[in-house]
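S.K.: Two chains, two separate frames, one set of hints: put the complex together.
Take a look at the letters that make up each chain.
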Amino acid sequence: MYGDTIDTKLMSPSQAVSKFVQDGCQIALGGFTVSRNPMLLAREIVRQRLKKLHVVCHSHGQALDLLIGAGCVEHLEIAYGGTGRFAPTCIRFKKAICNGQIMFEDYSNYQMSLRFLAGSMGLPFMATKSGLETDLVKLEGFPSYERGKAKIPSKKLDIIQNPFSQDEDRVILLPALNPDVCILHAQYVGTDGTVRIKGLTFADLEQAKASNHVIISCEEIIPKEVIRQDPDQNSLPPFFIDAVVQEPYSAHPTACHYFYDYDPSHLRLYQNVAHDDEAFEKYLNEWVYDIPDQATYLQKVGLKDLLRIKANSCIGYARNLDRR
Amino acid sequence: MTETTDRYTRLEMMAISAGRMINDGDILFAGTGVSMLAATVAKKIHAPNSVVFFETGGIDPSLEELPLAVADPRVMVGTCLNTGLIDSFSILANPRFRTVAFLGAAQIDCYGNLNSTSLGNYHHPKARFPGSGGACDAASLASGVIIFMQHEKRRFVEKIDYLTSPGWLNGGDSRRNAGFKRGGPIAVVTNMAIMEFDSITKKMFLAKTYPDVTPEEVMDHTGFNIDISRSSVAQPPSDDELSILRNQVDPQRLILT
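Residue numbers (my numbering), protein chains in the order written: chain A, 1 to 324; chain B, 1001 to 1257.
Derived from the structure by calculation, the hints contain no laboratory data.
Fair warning: there could be bad hints in the mix.
[What the hints assert, rightly or not] In silico PhoX-like links for lysine-lysine, alpha-carbon gap of 25 angstroms or less:
no., chain 1, residue 1, chain 2, residue 2
1, B, Lys1181, A, Lys138
2, B, Lys1203, A, Lys156
3, A, Lys209, A, Lys155
4, A, Lys129, A, Lys51
5, B, Lys1126, A, Lys129
6, A, Lys138, B, Lys1126
7, A, Lys209, A, Lys129
8, A, Lys129, B, Lys1203
9, A, Lys138, B, Lys1044
10, A, Lys95, B, Lys1126
11, A, Lys95, A, Lys9
12, B, Lys1203, A, Lys138
In isolation and in its complexed conformation, chain B is listed as follows (with noise of 0.2 angstroms):
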């Protein structure tokens, strides 16, 4: 598996997927990295009206340089409001709006269900990871919420050894019947593919594969059984879409480097 391809890299793929799955007047809780790239480049390419905040209580930042950090300064220039967290959280969870949010995560399962925590035992770990922050927030309040993960079996795991953030739980109806009114993994991005989840059974499957991979290496890369059947090849970045991406979202070259 190549890293790039001659016109763009699997990080840009991954970023304009991502951005091609916002609707005009979503409201976008970002994190920073690529969820920050996908975000702005949506903003920037066909959902002008979407608005971009973050947990740390920035509302619709400028953005002329990309923040390193949900509490960077460069969240605060620009916005129609500095606020805080309790604000900020209050929008995310708000029934009136469709509130989108990106996250990221060390282990998934089938269902969708992030661990951003530890591994191995909890209290004696293996590897211990930052904590929620406000995933666990974002998982459980937003309207929906997009995944991005690098594609190893590591990664996509049958059991996640900390459950941080909840995705579809255990699947069919038992997000709703834990007390959630809305929200789930809408996509998981990964720098192979794109995953969606069944409309009934809520398990995750295999829905486009990048231009250079095969479903079957999809399926090499991930450590539970994953429908395939139902796989189709993703549109490229168009040089549109890597033109506004490199040069009007991350002209440092922050990210994308």
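Here chain A stands alone, though its shape is the one from the complex (with noise of 0.2 angstroms):
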């Protein structure tokens, strides 16, 4: 079943979606931030009017607040929920908190992402010290009628003594993420499937080894003879993969290394309407619900941004940028 082809692999964006992600489903974030946010996905998503997912990720931004503003999302595992300058705090993620829309639950980076290598290794939990007496550890976000339900963890964490050790040593053990999926963007898929990701991978290969459905886009689709040219570039084996989106700027908003880089008059505009829930309707309406493809996507964007926005091809981002 694991043939060298991605022939059955190969999925518009909304064959992809209705196939592997369901309402209610758990699901994981690739990207962080403003960084290989998998937008086109998260569009799709949306478009599809699914409800009542399980999102986990560690730092998120774009594709997170916008799955939030658009109803997706009930429950919620997150370290981080920003975008840097253009949203110091996710605006309709503070929204959806603060007037009791989703349920939460707030761990760090390195908690999710070791939950997350925690799973992709068949373990039940892995250790840290990190958090130990803050309210990370304390506080639980999600109330005690929804434990153990679905993919909800027993509990938040536990805390053990080091056994071995005779002295006083305490340690955190974190519940391990399996997701049902993963969606996640990357520059290069091979036509076997090989997947490469330029750039910081965050914890984009924990989280799709943890995963039991990937859903991947991608920038291009190359020869499998030219990926296994360099296999010390190359970031997943094909049989994580279950289906594979290929369209260019399927990232946009947010950065794609040596493709593009993020989007500052896109990023402002969203910034602008997420405050206000009138504004923010009629910006799914005209940025997602009405657009039918990737191609009517980018020609709404416009040529001048998508050329301010295009990568050196030497360094990856856009030199110069105006990012004020």
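M.R.: Structure follows, in structure tokens:
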């Protein structure tokens, strides 16, 4: 079943999402704040009006905020919601928490990454010293009646005595994560399904390996012979991947190293509309619901902005881009 | 309180004051904003062998343009290694190195414990911030932490609403007793002054005021009792320091303006 072509895995965004994302499923988001967010796939989830998603991520930004704002999210386990200077705290995320619209639980970045790592290794938990005596450890986010339901762990975490020490020495145990599906974006996928991520991988590899299914969007599909010429550069073997969606600029308005920078003008536009419910609803119609495909989306972004954020092929970002 | 003197701004004073605390050879866990300026200015002036790295996995980038987020593609260029979060936090926690982290927060208490999560009730907050990100990890695992704050009463509080990142916890030996092997806040650098922590009680005290600020003004902007008896006046930035900061670290004026 793991042949050496991706023909059976190549799908449109709509096929991939309807096949692998269901109402109520637990979903891991790849990328980090303003980089390599799987935006095309997130917009497709919004377009299909999926509900009650249980999102798990470390530091997330644009895709997360869109999913929350569109009402797709019921549970959230998270370390950080922000897009740097464009939204120091993600705006729809902030609103949803302050208005009691989602159930949420806070961890740290390392804690969330370790939980994915545990899941990828088939372990029930991972240990860390990070967070002892903090409210991350002391305060549960999810209500007790939710505990043990679906993918919600029976408790947020546990603290044990280090079994290898005679002295008092405490360690935190974090429950593993095995999401139903992981969505992420990469620069390249080979015709055999091999994945190559350029730049930083964040916790994408742990998230993908921990998940039951992986949908990946990519900028380019390149020949198997080419991607296997330099396997040291590759990130994931083909058999982790269930669906491949090939569309340029699939991470816009976040950055995709060597292809394009983050788009300051779109992130500012988003920042302005996200504060206001009515304006945000209009944004969703204009930029998500009424957009039939990626070509139409890119047409709407416009050539001017796409050229402005085009990455310099040597340094991987847009030099002297006006980011203020 | 004015925001500028003739020669330099408070933000420039903050970046340069924090930069002076860096030892050559330190491994620096940087965020963005003023912490980026402090780390880079130190590296360019007196700590050329220090290394800046980011929780996202960018190790020792060239930083020809300043990143605006820790996942900015500008932290992925000229690095010795591009990796991910697990690797990055294992460098931060590595017992072999002196790792220094820069953090900011919405609230701080007298033991340097930080809140970057929310105000009011955690489940139904009055205000919500981004959350820990890697801040709790840095505060837990690094050899030391330098904290940047705006000096306001509502930020320097008796009791923080949520403890996101551990400082000296309840003071004294409480941090070690909690299970931390090392670390703790070194200093708090604000737009008015530099605070340090007593070696025994671990309580914050006023170490240095900026040249145009009085200790009484600092007290007025602090929401808990702070010892001002050990205070001296901070050395203003030199022309060299200012010129490097302005012309080499942030020539695009992304943070300094």
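S.K.: Against this structure, judge whether each hint is valid.
M.R.: We went through each hint and held it up to the structure:
no.	hint	verdict
1	B/Lys1181 <-> A/Lys138	holds (20 angstroms)
2	B/Lys1203 <-> A/Lys156	violated (31 angstroms)
3	A/Lys209 <-> A/Lys155	holds (23 angstroms)
4	A/Lys129 <-> A/Lys51	violated (35 angstroms)
5	B/Lys1126 <-> A/Lys129	violated (30 angstroms)
6	A/Lys138 <-> B/Lys1126	holds (20 angstroms)
7	A/Lys209 <-> A/Lys129	holds (24 angstroms)
8	A/Lys129 <-> B/Lys1203	holds (23 angstroms)
9	A/Lys138 <-> B/Lys1044	violated (42 angstroms)
10	A/Lys95 <-> B/Lys1126	holds (11 angstroms)
11	A/Lys95 <-> A/Lys9	violated (37 angstroms)
12	B/Lys1203 <-> A/Lys138	holds (23 angstroms)
Consistency note: the structure conflicts with the earlier hints numbered 2, 4, 5, 9 and 11.
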